[in-house]
Amino acid sequence: MSNLWSRIVLGLLCLALVCCSLRAEPGAPIDDSAVLAGVIDHYIGAGYAAKKAAPAPLADDAEFMRRVTLDLAGRIPRNSDVRKFLADKSPDKRRQLVGDLLESPHYVNHMTRVWRALLLPQGNNPQVQALAPAMEAWLRKRFNNNAAYDRMVRELLTTNVVQTQAMRQALANGGPVDASGVAFFQANDLKPENLAAATSRLFLGVKLECAQCHDHPFAKWSRKQFWEYAAFFSGVGPQMAGQTSGDDQGFIPAADAAHRHDIKMPGSGAVVQARFLDGKQPAWKEDATTRAELAAWMTAPDNPFFARAAVNRVWAHLFGVGLIDPADDLREDNPPSHPDLLDALAKAFVANHYDLKFLIRAITASKTYQLTSAVDGPADDPRLFARMSVKGLTAEQLYDSLALATGFETGDAPDPNGAVNGTVGSGGARAEFLAKFSNVADKRTETQTSILQALSLMNGRITADAVSLSRSKALAGVLDSPFMDDHQKLDALYLCALSRPMRASEAERMVKYVKSGGPSGDSRKALADVFWVLLNSSEFIFNH
Amino acid sequence: MHHLSRRDWLKLSAAGVVTTSLSGWLGTLAADTAANPQRKRSCILLWMNGGPSQMDTFDLKPGHTNGGPFRAIDTSAPGLRISEHLPNLARHGHRMAVVRGMSTKEADHGRATFVMRTGYNPTGPIQYPGIGSLVSKELGPTDAPLPNCVAIAPYRFFNPAAYGPGFLGPQYAPLIVGDNAQLRQPGQPNQQAEEDYGKLLRVQDVDAPEEVGQAHADARLNLLQEMESDFVGRHPGVAPRSHQTAYDRAVRLMRTTAAKAFNLDEEPSAVRDAYGRSLFGQGCLLARRLVERGVPFVEVTLAGDNGAGWDTHAQNFDVVRLLSQVLDPAWGTLMGDLEVRGLLDSTLIVWMGEFGRTPKINPQQGRDHYPTAWSTVLAGGGIRGGQAVGKTSPDGMEVVERPTSVPDFLATVCLALGIDPLKQNVSNVGRPIRIADKAATPIQEVLA
Numbered sequence: 192m193s194n195l196w197s198r199i200v201l202g203l204l205c206l207a208l209v210c211c212s213l214r215a216e217p218g219a220p221i222d223d224s225a226v227l228a229g230v231i232d233h234y235i236g237a238g239y240a241a242k243k244a245a246p247a248p249l250a251d252d253a254e255f256m257r258r259v260t261l262d263l264a265g266r267i268p269r270n271s272d273v274r275k276f277l278a279d280k281s282p283d284k285r286r287q288l289v290g291d292l293l294e295s296p297h298y299v300n301h302m303t304r305v306w307r308a309l310l311l312p313q314g315n316n317p318q319v320q321a322l323a324p325a326m327e328a329w330l331r332k333r334f335n336n337n338a339a340y341d342r343m344v345r346e347l348l349t350t351n352v353v354q355t356q357a358m359r360q361a362l363a364n365g366g367p368v369d370a371s372g373v374a375f376f377q378a379n380d381l382k383p384e385n386l387a388a389a390t391s392r393l394f395l396g397v398k399l400e401c402a403q404c405h406d407h408p409f410a411k412w413s414r415k416q417f418w419e420y421a422a423f424f425s426g427v428g429p430q431m432a433g434q435t436s437g438d439d440q441g442f443i444p445a446a447d448a449a450h451r452h453d454i455k456m457p458g459s460g461a462v463v464q465a466r467f468l469d470g471k472q473p474a475w476k477e478d479a480t481t482r483a484e485l486a487a488w489m490t491a492p493d494n495p496f497f498a499r500a501a502v503n504r505v506w507a508h509l510f511g512v513g514l515i516d517p518a519d520d521l522r523e524d525n526p527p528s529h530p531d532l533l534d535a536l537a538k539a540f541v542a543n544h545y546d547l548k549f550l551i552r553a554i555t556a557s558k559t560y561q562l563t564s565a566v567d568g569p570a571d572d573p574r575l576f577a578r579m580s581v582k583g584l585t586a587e588q589l590y591d592s593l594a595l596a597t598g599f600e601t602g603d604a605p606d607p608n609g610a611v612n613g614t615v616g617s618g619g620a621r622a623e624f625l626a627k628f629s630n631v632a633d634k635r636t637e638t639q640t641s642i643l644q645a646l647s648l649m650n651g652r653i654t655a656d657a658v659s660l661s662r663s664k665a666l667a668g669v670l671d672s673p674f675m676d677d678h679q680k681l682d683a684l685y686l687c688a689l690s691r692p693m694r695a696s697e698a699e700r701m702v703k704y705v706k707s708g709g710p711s712g713d714s715r716k717a718l719a720d721v722f723w724v725l726l727n728s729s730e731f732i733f734n735h
Numbered sequence: 039m040h041h042l043s044r045r046d047w048l049k050l051s052a053a054g055v056v057t058t059s060l061s062g063w064l065g066t067l068a069a070d071t072a073a074n075p076q077r078k079r080s081c082i083l084l085w086m087n088g089g090p091s092q093m094d095t096f097d098l099k100p101g102h103t104n105g106g107p108f109r110a111i112d113t114s115a116p117g118l119r120i121s122e123h124l125p126n127l128a129r130h131g132h133r134m135a136v137v138r139g140m141s142t143k144e145a146d147h148g149r150a151t152f153v154m155r156t157g158y159n160p161t162g163p164i165q166y167p168g169i170g171s172l173v174s175k176e177l178g179p180t181d182a183p184l185p186n187c188v189a190i191a192p193y194r195f196f197n198p199a200a201y202g203p204g205f206l207g208p209q210y211a212p213l214i215v216g217d218n219a220q221l222r223q224p225g226q227p228n229q230q231a232e233e234d235y236g237k238l239l240r241v242q243d244v245d246a247p248e249e250v251g252q253a254h255a256d257a258r259l260n261l262l263q264e265m266e267s268d269f270v271g272r273h274p275g276v277a278p279r280s281h282q283t284a285y286d287r288a289v290r291l292m293r294t295t296a297a298k299a300f301n302l303d304e305e306p307s308a309v310r311d312a313y314g315r316s317l318f319g320q321g322c323l324l325a326r327r328l329v330e331r332g333v334p335f336v337e338v339t340l341a342g343d344n345g346a347g348w349d350t351h352a353q354n355f356d357v358v359r360l361l362s363q364v365l366d367p368a369w370g371t372l373m374g375d376l377e378v379r380g381l382l383d384s385t386l387i388v389w390m391g392e393f394g395r396t397p398k399i400n401p402q403q404g405r406d407h408y409p410t411a412w413s414t415v416l417a418g419g420g421i422r423g424g425q426a427v428g429k430t431s432p433d434g435m436e437v438v439e440r441p442t443s444v445p446d447f448l449a450t451v452c453l454a455l456g457i458d459p460l461k462q463n464v465s466n467v468g469r470p471i472r473i474a475d476k477a478a479t480p481i482q483e484v485l486a
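Protein chains in written order, with the numbering used here: chain A, 192 to 735; chain B, 39 to 486.
Just chain B, same shape as in the assembly:
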């Protein structure tokens, strides 16, 4: 199958041919997964760095002067229409709920990033954890061979703290692969550019340096273990124990076959093509591989070539079209792949950025920051798909139905994952902090 071109693959999979031919060996896995009531849910966050334009993706206003040139197309769900540049995704409309009433307060990249990813304003000494750390703490076993929280190609410059584990501590920190990899993508004219996306998405430092050799690497770990048992025996305490745990998990990751999840070369070339040979596309493929292996939280960032791809102050339509062409095959294939494997029902997919963009088109054919009325998408597990909730005015300037705040949204994400949004964690200042603010009103109508 690996000799199929991407075009062939898309044709075949659109026709259902591929799905059928794969079902032979996938069917068993899918049945197993579905039959296992113990299976915990997973979450894949698709993070759109820079703030994606809702008017040109999921809340189109064709015919209005604010609308821009893009047409809306039908999805598999009657009445739910999205951008013409998202045709693959449109086939999964019945599994998607578009939240069109997002209404938030921050229009600065750094602060908005923090608020959307933590649910709280970045003030005071409290170090709020990111959503990935919060979710994986609830869903992940502490002894899994793979880390419970993985961030793929994040571009953290707007607000590094928004990606951290905050007061939950480093044991809940995301394992980051491809940090700022946007700048090292294949073909980028700089010294650090990689020739292959797969290389960018490997776990940093997971292998001992080649010059050491396996035998010496193993000998080192044995010597270290003896030394450590001496020390820990005579120094009980939280810090040394946590250190021990981290080393155990790191060594397990180095030695386990589970770490092969990060090796995209294992995938048939046609599959890699179907996701799109882009950082984001390959990131989504990696996300699928991780979720298959039980990782509860994975995020993939789409940030274009410069890190803030969706920040389309100029040439909005050209840029959004190009980004959509990266987003669509990746996300569409991800939905299909998860479904075939029986994982879509237990995997929530969240699509969001830090804010939306102005309905009014500026003189540079761009759109500026706009938190007042914008869109996010929830899809897959725990979600009643095939609908849009919330509504904006005909000019897109305001939310006229079901305004959704950040806490509302994050509480909905929690409920879709089977997590109590009101659960409290003890913060670094000793005060308990809820996962989502207690003022949150979850969007009940999108929950399955």
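Isolated chain A (complex conformation):
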């Protein structure tokens, strides 16, 4: 494509995008998200051209389905759904699949967990664990209603922190906990400086915390700016100053001086007034609390950080690598890989009322997202997005996928609190598994595996039961099927575990092994061996 031509196309695309988002006729033929997908492919394509890189081919249906199901529903697809999807001849079945996934309860569960982990990264800490169900319930409500992202953040920032009494009682009695964002504040120890660091990182994509202690010669943010921002949280604090350990439930009874907006900088003792990061002064109003002022500034359509940080986070969720990477570290010396694309996504996100599902529909509809991850030859820069990166699964994704592949459990346990965080000593196979597989890597392209994790996957009870001739569910179903030959049985196992049929290149080796029956000459045992291999393969353990 010539440069001129590509500019014209892009102009048309952008025009269409703006028109669509302004137009509100029912049944409009053009889907905004499809247009935005074209914009994505345009900018990413320009990146290939600049670096003389060639994009990978598109992923086949099975690869796409597994990937997008893990990304949106937090687990692999059911094998019956894979068969249906592969047989489906309709041209827009990928878009249809995304639509179905976004409306499934698994989307709500998965997003709740993803955001719980973002908001409460201290999740291993028992105090925070006690609070996590309230946070999850709060998130669940919002993802269930597809709450607009700006509204969600405003609500979190303006959470009433002095509502802990009922929660304390609920926690003490082990009863269900009310949905509340208070856990976010408690997890940050009710300290303005911690809240400042967390909110700027999460919602603005900037790391202020390094400026907490001193000015850095090359960083944009000064120490004074950090504390001016922290002053927006200066009203939040423990009821009794100096008490920091809390009670058994991890609660420090909170106080909130809702209109306070100054803070003393440690060391110098200078008192600074709350000021926005863009240097503007808040126009204090009597009826707006300090945190409400911050929330209004942060989520205003012209905020230079907010929408960019949000779209980048969703991008990083789907690609494993952000346009800004690390996702929460926008600075002058860490520019986005595709700045124009980031701007276009942010604009479209704002124009579509901060609708996360819209954004997901657009990105997953792009060719860029649909590229295969499997390419011969050396790795190129993952930030070119010339192929899909391999992403590690969260402990929850892995457990729920194992459950589905092996049939030992139906995936999501119906827990009203959604209390799914793995706790040592809290019992249950799931909690035990989650504790062993918890992985704090921020970048899912760089997750690591421990020896105990590997041993557990190879020899642990879950795998042993899954491939046992007497105790397995999925395997038994295949073994005992009278109408399948070895090839078909193998196909069925591949569909269960890898969400794809066996490839011709694999069939020869595997069929031969099963026919021979392996070392004991027992083809049932040999099929169990193959199932074990599939469950232990990188292809199963990763999202690719």
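There could be a bad hint or two in this list.
What the hints assert, rightly or not - Facing chain B, according to a computed beta carbon distance under 8 Å, are these residues of chain A, among others:
hint : residue
1    : H450
2    : A570
3    : S641
4    : S714
5    : R715
6    : V724
What the hints assert, rightly or not - Distance condition first, Cα-Cα at most 20 Å in a straight line; then the derived DMTMM-like pairs of lysine to aspartate or glutamate:
hint : chain 1 : residue 1 : chain 2 : residue 2
7    : A       : K476      : A       : D656
8    : A       : K703      : B       : E264
9    : A       : K703      : B       : D268
10   : A       : K242      : A       : D531
11   : B       : K476      : A       : D406
12   : A       : K664      : B       : E249
13   : A       : K706      : B       : E264
As the list claims (entries may be wrong) - The calculated label-pair distances, taken between Cβ atoms and stated as ranges, are:
hint : chain 1 : residue 1 : chain 2 : residue 2 : range
14   : B       : L460      : A       : K558      : 40 to 50 Å
15   : B       : R331      : A       : R522      : 39 to 49 Å
16   : A       : V353      : B       : K143      : 23 to 33 Å
17   : B       : D245      : A       : L660      : 16 to 26 Å
18   : A       : D251      : B       : Q252      : 31 to 41 Å
19   : B       : Q482      : A       : A491      : 54 to 64 Å
No lab work stands behind these hints, which were simulated from the structure alone.
Think of the CB as a built atom: it goes at the ideal place given N, C-alpha and C, for glycine as much as any other residue.
For this one, chain A is given, so just place chain B on it according to the hints.
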């Protein structure tokens, strides 16, 4: 020798008889070890879950109302006196430095556990690694047949994150054996109780299930390897490579004879008796076997029968006496064993809990949480033994000499191991974090 009773063994070893008779074959090994300048140091952490009472172990105040009933006894180091319930250990006083000026801030089990084990407060999004992961990253080769960091019978309930590798990632995670095994000790009245301590301390899932059989287990690994080389060839990247490495190391552990380190049945019965037939005693024996095989960091938890044994809010003296009787033979024998093998000079032993206990005795004859003034012990490699550093007031309420903070202490541990405490690792938020906070002042006077 295996028919010797524990009493006989103790008598003999006290008299030096056993040492002499063992030196025939141990001597060579000891000489080899000592002669090898390449030998890296190891660290054994003895973790006292619940917060041990300093006033009844290493900083006694006989005669003071806060002192309690225990007497102090002499150790092999002139002037260094410890509890009468630690007689075996007392023979190794010249290799021990008691840090009596510990002064920390956290009095909550969870937070204090985190701070003592990571050196940092548990705040913000930074996932601080535990000391074991930090140390083993510095000291351990990446291709060793055994894991570089092993945690024996930890009881992690107070703060699971304090035992994790944090931002260093799972490749530096401790291999845990006997997780929460306190609750499954032999004789415990529950369904999961084991009949033998050795079984509790095996590596979980290290063997393929019996029903599979060796031939099929091997066939599986061969099939898997073919499948993996296909996948990794077409999917380069950090995550798949790390996964590959973990599987390689796990398979090596399954197949290597080095994994026999975990088989305590290989030890003569008299040796097992000498360490004490307790979870902690057998754990210390396992620690010795691992250090012998070059594992750079091993920790053993002493947590009593309920997991928080040292949390003696009531009946402090009865409980501390019983725990001392578990601690003493285990630790004392460990010191002796390491010395005989020539490993004591390269093995640092650290004794600590999350905090100390109130000098004042409460109405339940207990002592409560007290971080203001308490004790830890450093022994063996890299340590100038035979001394106490720091001092508490006569009532034990405050540190009057050489107060030692958590960073001070952990920096000292690093230096004793030959590690630069100021070394930085890149954290999960991208910011470099030093192993020990740079404000740390190491206790130079205990370093050899």
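Do the hints match the structure? See the list:
1. H450: Violated, because the Cβ-Cβ distance from H450 of chain A to chain B comes to roughly 26 Å (cut-off 8 Å).
2. A570: Since the shortest Cβ distance to chain B is 4 Å, the answer is holds.
3. S641: Nearest chain B Cβ about 4 Å off; hint holds.
4. S714: The hint is violated - S714 of chain A has no Cβ within 8 Å of chain B, the shortest such distance being about 12 Å.
5. R715: Status violated, d = 11 Å.
6. V724: V724 of chain A check passes; min Cβ-Cβ to chain B is 5 Å, inside 8 Å.
7. A:K476 / A:D656: 63 Å, violated
8. A:K703 / B:E264: Since the Cα atoms of K703 of chain A and E264 of chain B sit roughly 14 Å apart, the hinted pair holds (cutoff 20 Å).
9. A:K703 / B:D268: 18 Å, holds
10. A:K242 / A:D531: Holds: K242 of chain A and D531 of chain A sit about 16 Å apart, inside 20 Å.
11. B:K476 / A:D406: Answer holds: K476 of chain B to D406 of chain A is near 18 Å, not above 20 Å.
12. A:K664 / B:E249: The given pair, whose Cα atoms are some 17 Å apart, holds under the 20 Å limit.
13. A:K706 / B:E264: 18 Å, holds
14. B:L460 / A:K558: 40 to 50 Å: 49 Å, holds
15. B:R331 / A:R522: 39 to 49 Å: 46 Å, holds
16. A:V353 / B:K143: 23 to 33 Å: 27 Å, holds
17. B:D245 / A:L660: 16 to 26 Å: Cβ of D245 of chain B to Cβ of L660 of chain A: about 19 Å, so the range 16 to 26 Å holds.
18. A:D251 / B:Q252: 31 to 41 Å: 38 Å, holds
19. B:Q482 / A:A491: 54 to 64 Å: At 56 Å between Cβs, range holds.
Comparing the model with each numbered hint stated earlier shows that hints 1, 4, 5 and 7 do not hold.
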